[in-house]
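Chains as they are written, first to last, in this note's numbering: chain A, 3 to 447; chain B, 3 to 447; chain C, 3 to 447.
Bear in mind the hints are in silico, worked out from the structure with no lab data behind them.
Note that the coordinates shown come from a computational prediction; the quantities given were computed from them, not determined experimentally.
Check each hint, because a few of them may be wrong.
Given that identical chains are not distinguished, each listed pair holds provided it fits within a single copy or across any two copies.
Stated by the list, open to error - Distance condition first, Cα-Cα at most 25 Å in a straight line; then the derived BS3-like pairs of lysine-lysine:
id, residue 1, residue 2
1, K371, K87
2, K373, K260
3, K155, K190
4, K373, K162
5, K75, K371
6, K373, K164
7, K260, K361
8, K75, K87
9, K162, K85
10, K85, K260
11, K79, K371
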Amino acid sequence: MKLKTSSLLIAGALFGAAVLPAQANNDAMMDLLKVLRDQGTITAENYDLLANASKADKEAAESVKVDVENVTKTMPKITTEGKIKIESADGNWSFQPIGRVMWDAVSVDGDDNGVNDFDGTELRRARLGFAGSIYDWGYKFEADFAGGDASIKDAYVSYKTKLAGNKLGIKLGQSQIAFGFNIASSSKYMTFLDRPWYADKDTSPARQSGVVANLSGKSWIVATSLTQGSLKAGTTDEHTNGTTFAARGSFIPFQQDKTHLVQLGGGYMTTGGSDNSFSFSNHLTAHEDPISIKSATISGANYDGSDAIGLDAVAILGSFHAMAEYNGFTANGQNTASDIDVDSFSVEAGYFLTGESMKLKNGFWSGVKPKSPSGAWQIATRFETTEIDDNANNQEADMWTVGLNYYPTANTRLMLDYSTVTSFESAGISQNEPSALKFRAQAYW
Amino acid sequence: MKLKTSSLLIAGALFGAAVLPAQANNDAMMDLLKVLRDQGTITAENYDLLANASKADKEAAESVKVDVENVTKTMPKITTEGKIKIESADGNWSFQPIGRVMWDAVSVDGDDNGVNDFDGTELRRARLGFAGSIYDWGYKFEADFAGGDASIKDAYVSYKTKLAGNKLGIKLGQSQIAFGFNIASSSKYMTFLDRPWYADKDTSPARQSGVVANLSGKSWIVATSLTQGSLKAGTTDEHTNGTTFAARGSFIPFQQDKTHLVQLGGGYMTTGGSDNSFSFSNHLTAHEDPISIKSATISGANYDGSDAIGLDAVAILGSFHAMAEYNGFTANGQNTASDIDVDSFSVEAGYFLTGESMKLKNGFWSGVKPKSPSGAWQIATRFETTEIDDNANNQEADMWTVGLNYYPTANTRLMLDYSTVTSFESAGISQNEPSALKFRAQAYW
Amino acid sequence: MKLKTSSLLIAGALFGAAVLPAQANNDAMMDLLKVLRDQGTITAENYDLLANASKADKEAAESVKVDVENVTKTMPKITTEGKIKIESADGNWSFQPIGRVMWDAVSVDGDDNGVNDFDGTELRRARLGFAGSIYDWGYKFEADFAGGDASIKDAYVSYKTKLAGNKLGIKLGQSQIAFGFNIASSSKYMTFLDRPWYADKDTSPARQSGVVANLSGKSWIVATSLTQGSLKAGTTDEHTNGTTFAARGSFIPFQQDKTHLVQLGGGYMTTGGSDNSFSFSNHLTAHEDPISIKSATISGANYDGSDAIGLDAVAILGSFHAMAEYNGFTANGQNTASDIDVDSFSVEAGYFLTGESMKLKNGFWSGVKPKSPSGAWQIATRFETTEIDDNANNQEADMWTVGLNYYPTANTRLMLDYSTVTSFESAGISQNEPSALKFRAQAYW
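Model the full structure from these sequences, guided by the hints.
Right, dumping it as structure tokens:
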């Protein structure tokens with residue numbers, strides 16, 4: 003008996019001579035046809051036609067499989083959780099829009115007569131930017147628009163490679179210099195609304211313009227930077243900004259697991275003498291506090307650069323964490339000016355009531371992800387002290403801060419801090435004890 | 003007769019003992035093999051080998067199906083039309099780059115001597131920003147860069163939930179306060195290039211910093227806000243900005259369908275007395291008009307806050323729409339200052355020549371999508387009046403505007419407005435009748 | 003013998019009466035079943051059941067195929083290499099985040115006494131923006147934040163169509179005017195860190211606000227623009243900025259292939275007399291050079307507009323390229339002021355050591371993609387001269403620049419330039435020969 007459907011003839015013509023993939027012989031149909039042919043159930047002629055039809059079926063099925071593979075193989079990887087990231091299928095190109103919004107409502111009780119009170123709100127940080135990578139190269143640009151202008155944060159071109167099995171990264175442009183722990187940990191991850199007084203100031207500057215190199219192994223990281231002042235109007239000049247050299251290292255001497263570890267760090271920073279001036283000044287209880295703790299000023303030819311050392315330690319023990327940092331800073335006076343010494347330290351401790359742990363990444367704080375859909379709760383406290391010896395005002399201040407943090411989800415947080423200055427001595431004049439109640443709502447992406 | 007291809011042996015070894023999905027038995031091949039075995043056409047031994055091969059085929063086909071399901075299940079939802087939105091597959095995370103460009107070419111005929119003429123262009127709005135959501139939380143940051151700096155618009159962290167079956171939304175940060183219709187409708191959707199005089203000014207302020215709460219049902223929305231002045235330099239202070247409380251509600255008493263409905267709204271706003279000053283001033287015929295309609299100023303201790311009420315109505319009847327809003331505002335003078343009353347209303351009507359309808363969303367105007375690939379055409383007219391009683395200049399002005407809108411596509415529009423002031427009385431001095439011809443090209447995303 | 007599995011009964015009930023796609027008959031199973039039935043190996047009853055089962059199998063396989071087609075058909079096209087672009091599946095909507103970071107480290111040796119030296123860094127360009135298209139319409143907004151504010155670059159709404167087989171594009175807003183080659187080529191693609199003195203200045207302005215139209219064929223492009231001054235604070239005014247008309251054309255008289263061609267271009271620009279002033283001034287050896295080459299100033303009623311012509315030629319011969327541009331500019335003085343003539347030209351040549359070629363796109367330089375994973379190397383040199391005849395200082399300057407460019411990847415580049423002024427005459431006073439060593443790291447997306 004002979005089978006003569008046109009579909010089979012077409013299939014035979016199309017696929018009979020085609021070289022089919024190896025696994026095309028594996029299908030049950032081919033085997034069954036062979037069995038039926040070999041035992042004479044079907045004729046050899048019908049076998050050929052049916053075998054061709056079977057091959058055509060197989061090819062059609064395989065083309066769908068190839069389509070699926072092509073789609074999945076060439077499809078960019080798109081991350082939508084925790085961060086937004088578009089990445090080429092081979093991982094060589096990536097792109098990330100980045101940003102953060104932090105809105106504060108603050109009540110500062112500055113003194114008894116109310117002159118130095120502040121009751122209001124502040125858009126503390128409102129940052130937009132883009133980061134990306136192109137093979138071993140990368141870029142980042144982020145500016146803060148909270149004040150109504152563009153305050154440039156990161157703005158660099160970067161390169162990464164391997165050096166003796168370790169990771170080497172180089173940044174050309176403006177980025178964090180290689181000094182300090184509290185200043186170099188992102189504001190997105192700080193335990194409290196405000197950094198300690200000594201951080202984010204000349205005693206521990208944040209970002210400057212120049213070259214930063216990082217070398218890191220499994221449990222250590224060393225960094226050096228050679229920079230000039232930050233890019234206030236896009237430009238720095240060695241003659242007016244001086245040059246800053248900084249170096250920092252941190253390592254993890256003890257690590258039981260990801261949530262039980264100790265990290266120790268230290269660094270040194272020296273700024274050339276051609277800086278046009280130095281003075282230390284920071285708001286006392288809150289970023290909006292009209293009262294500041296501040297030093298005298300050394301200007302022009304009287305200023306001979308400055309030196310600072312920093313030491314820091316972090317311990318994470320499950321839901322508990324402790325952190326301490328010391329900053330010893332000297333601005334060198336010459337001619338008619340004497341030195342200004344600024345000695346500071348801060349100690350903080352926190353505890354997650356809901357079982358989460360603080361996280362370190364590349365030596366600094368990173369983000370916390372709540373374990374439960376109802377969010378994470380953390381309580382924390384910090385003591386900080388700064389002593390200014392400038393042979394003029396000689397201010398000293400101590401401050402306690404207690405904080406309650408609620409993380410509704412990853413990337414969002416509500417914060418409530420109460421800060422009170424327990425000692426504020428300025429050239430022998432003892433003031434009241436200013437305090438501030440501070441609330442923040444924040445989100446980042 | 004015995005079948006001994008290695009492919010079958012391998013398949014048998016691999017899949018013979020495997021637990022296959024329930025539907026693996028449904029295929030025709032398995033059934034055919036059973037039939038052939040049961041009637042003795044093939045041996046039991048060959049049946050086993052062929053059945054294993056068939057199962058292997060089935061598994062391969064199912065793995066492709068699973069691949070496809072995995073791809074479609076985990077693939078972020080990406081919206082490219084009308085807006086740009088990247089959303090996680092489960093919808094819990096979303097991210098949107100947002101922005102708008104509005105470029106105006108304007109000719110103002112201010113008076114007879116030409117001193118107050120303006121013939122030029124303006125980048126009226128140039129906004130960039132990001133919005134996103136993380137489960138029930140969200141964030142938005144958008145700034146306007148048209149003036150060469152960053153004028154902060156929305157900057158908040160938000161939370162949404164259900165309350166007694168209704169939608170409750172809370173915003174912490176800077177956002178629209180709960181007052182006014184014309185001011186709260188986005189500039190992307192305005193019928194004319196410029197808002198009425200009273201909107202977007204102290205008589206109906208736009209965004210302030212604080213807390214805004216919205217509760218909405220199917221055909222109603224109520225909102226309240228407790229805020230301070232807008233974030234000019236990122237900061238507001240109760241002592242200099244005062245505190246504003248506002249409340250607004252709107253409901254739809256009549257709705258036949260989406261394009262035949264009436265909405266009524268009203269609101270109240272009160273600002274604390276510590277605002278440092280009040281005066282009303284707005285450009286007369288266009289944003290670039292050198293001439294303004296303006297009031298006297300109440301400053302410092304003479305200013306005792308202000309109060310305002312607003313009433314508004316919208317009717318959409320197919321391609322026709324009408325809208326009216328009343329704004330009654332009083333700035334309270336004390337000591338040596340008398341009150342400043344600013345009474346305003348505007349009435350507009352429009353008609354789509356191409357069959358589209360105006361659209362309301364959450365109580366305010368939303369975007370129009372042309373029905374035809376050749377775009378949508380709309381004609382419209384507005385009358386507005388503002389009467390200032392400040393016991394000084396007592397200005398009053400009436401203005402007619404006629405407009406022609408062309409929407410080439412969703413998200414783009416060309417606008418042509420002609421505005422003419424029919425009455426402008428300032429302390430008894432009657433000026434000429436200034437007019438302006440205004441063109442806008444706009445796109446948003 | 004009768005087959006009675008429930009799976010087959012269900013399949014029969016579900017699919018027996020269904021209209022299956024035409025190719026559903028092509029499968030080998032259907033054919034085999036027919037053969038077996040026709041020759042009596044299986045009963046007609048079993049045939050029906052098995053045929054239904056086979057159809058069900060086929061349908062299941064086809065639904066997977068349809069799923070795959072749906073996914074691939076509706077999936078936005080996402081470009082991650084060279085640029086970031088999200089495009090709707092039908093191509094009618096597209097969206098691109100854009101930006102560039104250029105960081106310079108510069109040492110200027112201004113004169114012998116060191117007063118005019120500069121040793122420092124500059125964030126030369128830091129741009130963020132978005133571009134998109136909606137059917138035939140489009141938009142672009144990009145601002146430069148390097149200086150700490152938002153310097154608006156492109157900000158327009160655009161429209162494109164076909165005109166007699168050629169491409170017509172219209173831009174409403176701020177964009178490049180139709181004049182000049184070096185100024186209109188993007189800073190991303192410049193051979194050297196700095197444009198020649200005459201480019202990016204009043205003698206060859208960059209972006210202005212108005213209307214720009216482009217018409218282009220296969221090997222030619224003509225453009226005209228009618229604009230006012232650039233959007234310094236978002237606004238331009240005809241009365242203070244004047245109106246500029248410009249026209250430019252370029253064509254390719256010789257083209258062997260993509261990397262062997264010659265392009266010739268020329269243009270004319272005239273600015274109305276109501277510009278409030280004119281003076282020419284540009285940094286001498288580098289953007290940070292304190293010394294400038296500059297003209298006298300014509301102000302107010304003495305200024306009667308200006309006229310300029312430009313001529314340019316580009317030759318690409320494999321890895322070698324040469325480019326020359328002439329700019330002849332006259333600012334017309336009247337009343338008490340005489341004309342200011344600024345005559346300039348520049349000639350550059352470059353060679354890729356690694357085999358790449360310079361690329362033209364729409365008449366201007368475009369991006370270079372390295373052939374090798376280890377990057378591309380290019381050497382280049384430029385001579386430029388500017389002669390100012392202002393009947394006052396009559397400055398003239400010549401400068402040589404040599405440059406070394408390393409392109410690690412597409413979209414990234416490291417640049418090293420050395421510029422030295424060989425002649426700088428200012429009203430007969432011969433100064434020293436200032437020079438500058440300039441390094442740039444850049445990335446764009």
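Cross-check of the supplied hints:
no.: 1; hint: K371 with K87; result: both (18 Å within a copy, 24 Å between copies)
no.: 2; hint: K373 with K260; result: within (15 Å within a copy, 43 Å between copies)
no.: 3; hint: K155 with K190; result: both (14 Å within a copy, 22 Å between copies)
no.: 4; hint: K373 with K162; result: between (33 Å within a copy, 21 Å between copies)
no.: 5; hint: K75 with K371; result: between (30 Å within a copy, 24 Å between copies)
no.: 6; hint: K373 with K164; result: between (35 Å within a copy, 23 Å between copies)
no.: 7; hint: K260 with K361; result: within (8 Å within a copy, 51 Å between copies)
no.: 8; hint: K75 with K87; result: both (17 Å within a copy, 18 Å between copies)
no.: 9; hint: K162 with K85; result: both (21 Å within a copy, 21 Å between copies)
no.: 10; hint: K85 with K260; result: within (22 Å within a copy, 38 Å between copies)
no.: 11; hint: K79 with K371; result: both (22 Å within a copy, 23 Å between copies)
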